[in-house]
Each structure stands twice: as structure tokens, then as C-alpha cells.
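**Student:** What follows is the residue order along each chain.
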Amino acid sequence: MSNKEHDIIDKLLSELFNDKRENALHLASGDYKSSAKKIITSHLDNITDETQIPEA
Amino acid sequence: MKLKSLKLKNFRRFYGEQEIVFSTSDKKKITLIHAENGVGKTNILRAVHWVMYGELIATETENTNKSDIVNSTHKENVKNKKESFDCHVILHIEDQGQSYELKRTLDRDGKNDIFKIWYGDEKSVTEAERNLTVERILPKGLAKYFFFQGESLETMTDSGTDVGAAISNIQGIDDAKEVLEQLKKNHLLLEQKFGKKIRLDAEARDTKAKIDKLRESVARRDKALIGHKEARDKANSMVKDCYELLKKSGTEVLKIKIKENEDKTKLLDIKKRDFDRHLHTKNKSIQDFYSGVMTANVAAIARDIKDDLQLAGKFPHKLSRDLITQIFKDKKCICSRCVEVGSDEWKAIEEWNKEAGDPKLTDRFSQVGNIAQDTLPQSKKFQESLENHEAISNGFETDIKNLKEDLKELKEFLADKDPKKAALYEKMVTDNEKNRDQANEQIELLTASKELELKELSPLERQYENVINKSQIPDSEKNEIKFLKRAKERMEYIIESQQGEAENFIKEDLQKLISKHANKSFKLEFDDDFVPSLKEKNIGDSWTAADASMGETLLLNIAFVTSMIEYSKHRKDLAKEDKFSIHGLEAPLLLDAPFGDAQTYKQNIADILVNSPAEQVIIMCAKGFYQGSFEEKVIDQIGSRYIVENHATPSEMKKEFKDGEDNNKININGKNHVQFFVDKDHGWSKLKKVNG
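Chains as they are written, first to last, in my numbering: chain U, 71 to 126; chain D, 86 to 777.
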């Protein structure tokens, strides 16, 4: 994968990673799993075509 | 993470409420707390550890329990009802832009405590959540790498310590692994949900690949067929054109004429040969007649007569021939008995006799006539045969004549014609016919192969349609599966590569620090748990562990933690770029540092701390360690400074304080500060902020 192709995946990982850290601090307002799902869904909403997802 | 402030109320030696405000400046990152042994250095560390983790650190020289948390003066005052019980620690922390207030309060009986956290307007509601929050900020297992307890510093990287796990945790690998688990779970759930469809989808893809391959092959054959058909049509057209050319240029006629010429020449030869044969047969018949059918005498007489008459010049050929013809034709003699006297024949004979002047001729002819009479039947037959021969001969002669005339005409026609041109056109026709046949052959082969492929294609297309109908996963789910799979693979790759990278980075960085600061040439080694150790070279090239009492282990441990923080910082810098990078903890270094064994290395340790990538360094040390080379190194980076005074109640102050007054004072920026107002076995500790 080129750097550009990494972007879409890396952005997701960054958000999930930060979410993992932040949710340990904000467990009162929600659990990690549901917030992770929200992040994944929000990224998926931006994907209209399978080809936008980089190949392995 | 940075410590902003620490408030102690009646905690251990600290009576009443005491506060340290730590320096959070980037340029002056050091907070220095001057404290002589026994007045509370370790208690400051204990307070931080207790408020965060609820545990009281024991040292080699001092065991602790919860009841020992409460300041003894306060205890006494509470007992005497002079004060209400209040023992707590409050720690303000800043982590990734978020401020937290952690407060742990001991209950009156000293057995239980209450822990609360505030961040922004919220507070953690359950004990578990509060603990998770602290674990997030700085996991308890890692605290010892950041909050150095001087007395146990040397054992920090003893064998058996799970240094590898600590590195992984400090780097944030554990958090990344949790994210990975989350991705794996989500991916697995989706795969389970659509597992069968995914398999069908894979089958559909395989079938589609086969179909595409066959279609490509059919398309290739179609293309080749077009080529061959074009070649065939071209060849056909060439054949036609060349033939037309042949015709237009007269060469076709020429060709026909040549053939005709050849045929007629052959026929003429045949006719001539047959005619010769016929003449031979005819002559033989005549010969047979004269030698067989007519007697030899008759022949001789007739020949004699003829000769005689010819010699005498009296043989009128015409008459003679007419007579002979008459004789043979009418089958009668010319004697006076046979020829009517006075008839034209008679007159002719008379005339002929008169002319010839030989009266005997008549008789002699008569003799011939008589003989001829005898042979009349044979003569008749011969005559008929001869007539037939004549007719045939005439036929041959006519044919030969006609043929010769034809050939003459042909010869004239061919005289100015070029047979080579005809051959060329003929060859072109033949060649193009060959090309056309070859193209037709290829067309047949390709058509047959194509038919076979189409037969194969048809069931595959039905199969594909069938599978695709069953496999259809909604696009959104398909994307999600693929997206999660890729994210999972990427995270696995990042974790794997980063783990190896961390060890290499730390090894290299630590080696640099040791080489720079150690007084001797040490060999740096790591065991299987990534625990570092220094080996010293002996005489004879053998290596032994470095002497801990010389402070090398302290140097190693501080350098090791520094390298770990350096790596975390390195990752953090990488994470600023677009690509995702796991970034680790950013905790302050808090050193409860008697550094008893580190006198040799105090300058080096100061150097490492000053240049440390840690964003905040809190050092608690005694005057003896601080003054001199250590001070010179750190002075420019001190942002906050406190002295722990050993204070006393007025009643205690009454006691005579006899400790050496010179040693009791510490000079800071030219100003002397008293550290002990009472001997350390009495009184309590008080934090005094000093400038500079």
C-alpha cells in the first residue's frame, strides 16, 4: 500500500486508538465498544465504493 | 502527563495543609525539592503513589500501614479534640489537554479511604472506573519506572522484572492491542454473520474469473476469425480479380487457344498415323488383289500391254484408263463379242486400234478380258473394298486438311502472344486459392474451438448467476468486512514492527548514553526479558557484572528509563505525521533520590536528567548530593523549588536544637535557608517555596 492508501485505514486506527485511551477516562459517559462502533460507522459512511479501501 | 500540584493534609510527616506547585514549563522543566534524609522526601513520593493507587510504598528501612498515614501531631490534636480529623492528598494532573483532580481521603479509623476524581465538570462514578482512569494515565505497574524510589532504584531492572511488558505498555502497544482485539471481534462477528455468503462470494469470484477467462478466449478467437475471414475474402477477391485479369488481357483466350493448339496437334498426329495405317491396309489390299485375286498372268499381260504401248508412245492413257475402268466397272470384255459393234465403245476401241496400229492388242485384251471374266466375283468384292478404302481415305484427307488449316490459323494467332504472362496470372490465381483454402481451414478450427468454449461457458454462467444470487452481501456490510480486515491487518503490522523497533531503538539509545556517561568501558547486554545489564572487562578478557555499589546500576537504570521515554517521544513525533503511529506514555520523572551510591555519577545523572526527553522532572535530594556538580548541571532548568523544613510546634520549639547549625542551612542563590527548626526525631515537615 502507498502512503496515500494508508490514509483511510490510518485515520481509523488513530481515532480508535485515541478513543481507546480517552474512553478509559470517560467511562461514565459510555463504553469503549459502542464508541468504537460509532467511529467505524462514521468512517464507513464516507466509503461509497469498495475500491476506496486499500488492498492488502 | 504532568503533575500540576500536590496538596497534602496531615499526611505522614506533613502536618496541616502543605502544597507543592510543580513546574510545568517546557524550558524549566525541573522541580527541585530540597530535603535532608528523614524529613519526608519519600513521603512526597508516597503521597503521589497513594493518591493514585491507594497503596503506601514501603521502603527497605520502613514498613508502613494505613494507620501510619495520619500525621502524628494531627492525631494527637484530634485525640485532644483540638482539631477535626482530616487526612487527604489531592493531586492535580494534566494529561493530553485534560485536567484531573485526584483526591484520596482516609477515614477516621484509618482503615479505609475514599477516592474521587474530577475532570472538567465530570467525575468518575465507580471505583472501577476511577481505577481505570488512573491506569490510563499511568498504569501502576509502570509507576516504578517514572516515580523512582531511591532506595529501591537499584532493583528496578533486576532480572525477573517484566521489563519487556513495561516497554510494551509504555509504548502504548497494550492500548493498540486492545484496539486490535476490538477490530478482530467486530470483524469476526461480521464474518460469522456473513460467513456463508462470503464463501459463496469467493466462489462467485472464482467462477467469474473462469467466465472472464473463457470470454476473453472467445473474444480472441472472434478477433482471429475476423482476421482469417478477411484473409479468406481477400484471397477470394484476388482469385476473382486475377481471373478477370486473365480474361481481360486475353490470356484466358490464349490459354484456351494454346490448349486447342496442343489438342489439335495431337489429333493431327493421330489422324496422320491412322491414315498411314489405312493407306497401308489399302495398298496391301490392292497388292493382295493383284497378287492373289488376279492371276499373275493377267497382271503380267496387262503390264506388258501397258509397257508396250507406253514404249510405242501409243498408249493413250486416258483411253486406256477409261477402257480398264470400263472393263472392271461393267465387268465385260472388249472383244468383238462382248462389245457391241458400232457402239461408242466399239468406235473407241477401233479408234484406239487404229491409233495404236497393233491389231493384236484386241486379242491380247481379249485374253485379259477372259481372265478377268473368270475373276469377276473377286474383282467385284475388291472393287467394293477399294471404294470403302477410298471413302475412308477421303475422310482422313478431309480431317487432316481441316486440322492443318486450323493449326495454321492457331499458329498465326499465337505468333504475337506471351504465354509467360498467362502462367503468371495462373500462378497468382493458384496461390490465392491456396491462401483462401488455408484461411478456411483456420476458420473451421477456430469456429470449432469457440463452439467448445461456448458450450463450457454456458453452464458456468448459470452457476455464477445462481451463486451470486445467493451470495449477495449488502455493499455496506461488504465494505465493513473489508475495511475491518484491512484495519486489523494494518494494526497487526504496526504492532509487530513497532515492538521490534522499540527494542532496537532503546538498545541503541541506551548504548549511546552508557558510552557517553560511564567512566569505564562497559558492555551492555540484554537478557531474554529485555533486562539490561552492564558487564565489566577483567584481566584475561573475561566479563563480570558491574559493581552496583559504584553507582553504575543507578546510571544504567536512569539511562534505561530515559531511553524508554525517548522512544515514546520518537513515536509521538511520528504520530504527528499523517500516518498512524502508536504513541506511548508521557509521564514525568519523579526522583526520590538519596543517590547514596551515585556520588561518582551524580554529574552524569544530572546531565542525563537535564537532557532527558521527559517533559517534567521532579527531583528530591539532600544538600550533600545537590551541591556541586549536580547543581551546576540542573540550575538553568529549575522552574520550581521547595525546601522541606523540619518544623516544630511551639512547645517542641522550646526544646533545645543542637544539631550542627552549619549543616542545617542550605544556600540557594546566595541566601541561606534553615532546614531544621527541630531535630528530625521531632516536629513535622513543612514545604517552603523558595525562589531561584
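Do not take every clue at face value.
Stated by the list, open to error - Pairs of lysine-lysine, PhoX-like flavour, derived with a Cα cap of 20 Å:
id : chain 1 : residue 1 : chain 2 : residue 2
1  : U       : Lys107    : D       : Lys344
2  : D       : Lys505    : D       : Lys344
3  : U       : Lys107    : D       : Lys369
4  : U       : Lys107    : D       : Lys567
5  : U       : Lys81     : D       : Lys664
6  : D       : Lys750    : D       : Lys708
7  : D       : Lys270    : U       : Lys108
8  : D       : Lys750    : U       : Lys107
9  : D       : Lys657    : U       : Lys81
10 : D       : Lys708    : U       : Lys81
11 : U       : Lys81     : D       : Lys570
12 : D       : Lys295    : D       : Lys369
13 : D       : Lys466    : U       : Lys107
14 : D       : Lys567    : U       : Lys81
15 : D       : Lys563    : U       : Lys107
16 : U       : Lys108    : D       : Lys567
17 : D       : Lys278    : D       : Lys570
18 : D       : Lys570    : U       : Lys108
19 : D       : Lys563    : U       : Lys108
Derived from the structure by calculation, the hints contain no laboratory data.
**Student:** Each hint needs a verdict: does it hold in this structure or not?
**Tutor:** To see whether the hints hold, each was checked on the structure:
1. U:Lys107 - D:Lys344: At roughly 97 Å apart (the allowed maximum being 20 Å), D:Lys344 and U:Lys107 break the hint.
2. D:Lys505 - D:Lys344: 14 Å, holds
3. U:Lys107 - D:Lys369: 129 Å, violated
4. U:Lys107 - D:Lys567: With Cα atoms ~15 Å apart, U:Lys107 and D:Lys567 stay inside 20 Å; holds.
5. U:Lys81 - D:Lys664: Holds: U:Lys81 and D:Lys664 sit about 8 Å apart, inside 20 Å.
6. D:Lys750 - D:Lys708: 9 Å, holds
7. D:Lys270 - U:Lys108: 15 Å, holds
8. D:Lys750 - U:Lys107: Not OK: D:Lys750 and U:Lys107 at ~62 Å, beyond 20 Å, violated.
9. D:Lys657 - U:Lys81: Measuring from Cα to Cα gives roughly 15 Å; hence the hint holds.
10. D:Lys708 - U:Lys81: 51 Å, violated
11. U:Lys81 - D:Lys570: Holds. U:Lys81 to D:Lys570 sits at ~15 Å (cutoff 20 Å).
12. D:Lys295 - D:Lys369: Judged against 20 Å, a Cα distance of about 92 Å means the pair is violated.
13. D:Lys466 - U:Lys107: Distance ~134 Å between D:Lys466 and U:Lys107 Cα, so the pair is violated.
14. D:Lys567 - U:Lys81: 16 Å, holds
15. D:Lys563 - U:Lys107: With a Cα-Cα distance of about 16 Å, the restraint between D:Lys563 and U:Lys107 holds, given a limit of 20 Å.
16. U:Lys108 - D:Lys567: Answer holds: U:Lys108 to D:Lys567 is near 17 Å, not above 20 Å.
17. D:Lys278 - D:Lys570: Holds - the C-alpha atoms of D:Lys570 and D:Lys278 are around 15 Å apart, at most 20 Å.
18. D:Lys570 - U:Lys108: At roughly 17 Å apart (the allowed maximum being 20 Å), U:Lys108 and D:Lys570 satisfy the hint.
19. D:Lys563 - U:Lys108: 17 Å, holds
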